[in-house]
Amino acid sequence: MDELPDRIARTQLTVGIVAVLVGLLGYYVSRDAAFSGGPGAIIFEDIELRTTSYNKLGALLTIGFGTVGIVAGATRMAMIGLLGGIGFGLLALQPLLQWRSGMENLLAATGRNIGWNLALALGLAVPAILARVISGGAGESAT
Amino acid sequence: MPRTERTTSSASPASGLSAKANAATAAAKSTKPDANTRILAGFRILLGALWISNLGWKEPPEFGALKGFTSLAVSNPVWAPYSSLVENVVLPNFTLFGWFTLLAEAALGAFLLIGLGTRFWALVGAGMSAAITLSVIKAPHEWPWAYYLMIGAHLAVFAAAAGRTWGLDGLVRPVLEQRQGRIAKLLRKAV
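Chains as they are written, first to last, in the numbering used here: chain R, 1293 to 1435; chain E, 11 to 201.
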């Protein structure tokens, strides 16, 4: 069994890789305007994969925040992952803000976005906070 | 910025890893996942995906499809008190109920998917599955066993604490075990 700091880094790396892969897949799918913001039937016809990640802007943001997670895991600087977690958290809030403001539908606004992006936000932010806790708080390095 | 240095089993005080990290690490080493726990972790991920996937048809602000299914509790009553609750409380305030359902299921799916607070959220999932069961099992073309299985699946994930493998609970629990106090004790029950 690995040590806890190793597992924290590996968690952020894994979450980041998953986000980037989904974002890349989403970008590929959203090249077709018919899929952009709409149902992306890429595995089976009856399975919709509509999330912000399957929208060109949403896909790019997912790749960006996922890359932040990869950097955090690879460099073992867990607090960097908090930035990615905040980014995904904002993406999770986006459908709610968009609905309230009546904004143009730039990103596919479904409940799936809230759930999916919240999961990614937790996956990057919680390990960052844990790293902070086990390192003894602000200013104390775990190195 | 704190940096989590790669550690070895012989981490010394000179490595700078704090006492808290050492203690949490020792607790983390006490559990090694086997094939059974990995299968249950996969099961938890599947349940999380189920809830997130089914948010697609709960579209605000009307929540039309959700209202249709909820109304089945009145048109095809399973249990009279529940049917009365839906008719007199839920349906007249459906926008509020729709948003509550959307946010609760999004959180449920996200926390089960990432394996954080798994035991707590598994109980929430069992409760929500029970509510769905009471709404729809008497409706035409429904297969009641699907809903019984949903309840059972969440209880299995609860009993197995399936977030400790491939989930954030596996990171959080060792830290919580080093903490005293009522809140830490309560949180330990949730993970």
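Heads up, a few of these hints could be off.
[What the hints assert, rightly or not] Short derived list, chain E residues pointing at chain R, Cβ under 7 Å: (1) 60; (2) 62; (3) 114; (4) 123; (5) 126; (6) 160; (7) 181; (8) 185; (9) 186.
I should point out that these hints are in silico values taken from the structure, not numbers from a laboratory.
Computed from a predicted structure; not experimentally measured.
Backbone N, C-alpha and C fix where the C-beta goes; we use that ideal spot for every residue, glycine too.
Problem - Unmet hints by their number, sorted upward, for this structure - result: 1, 3, 6 and 9
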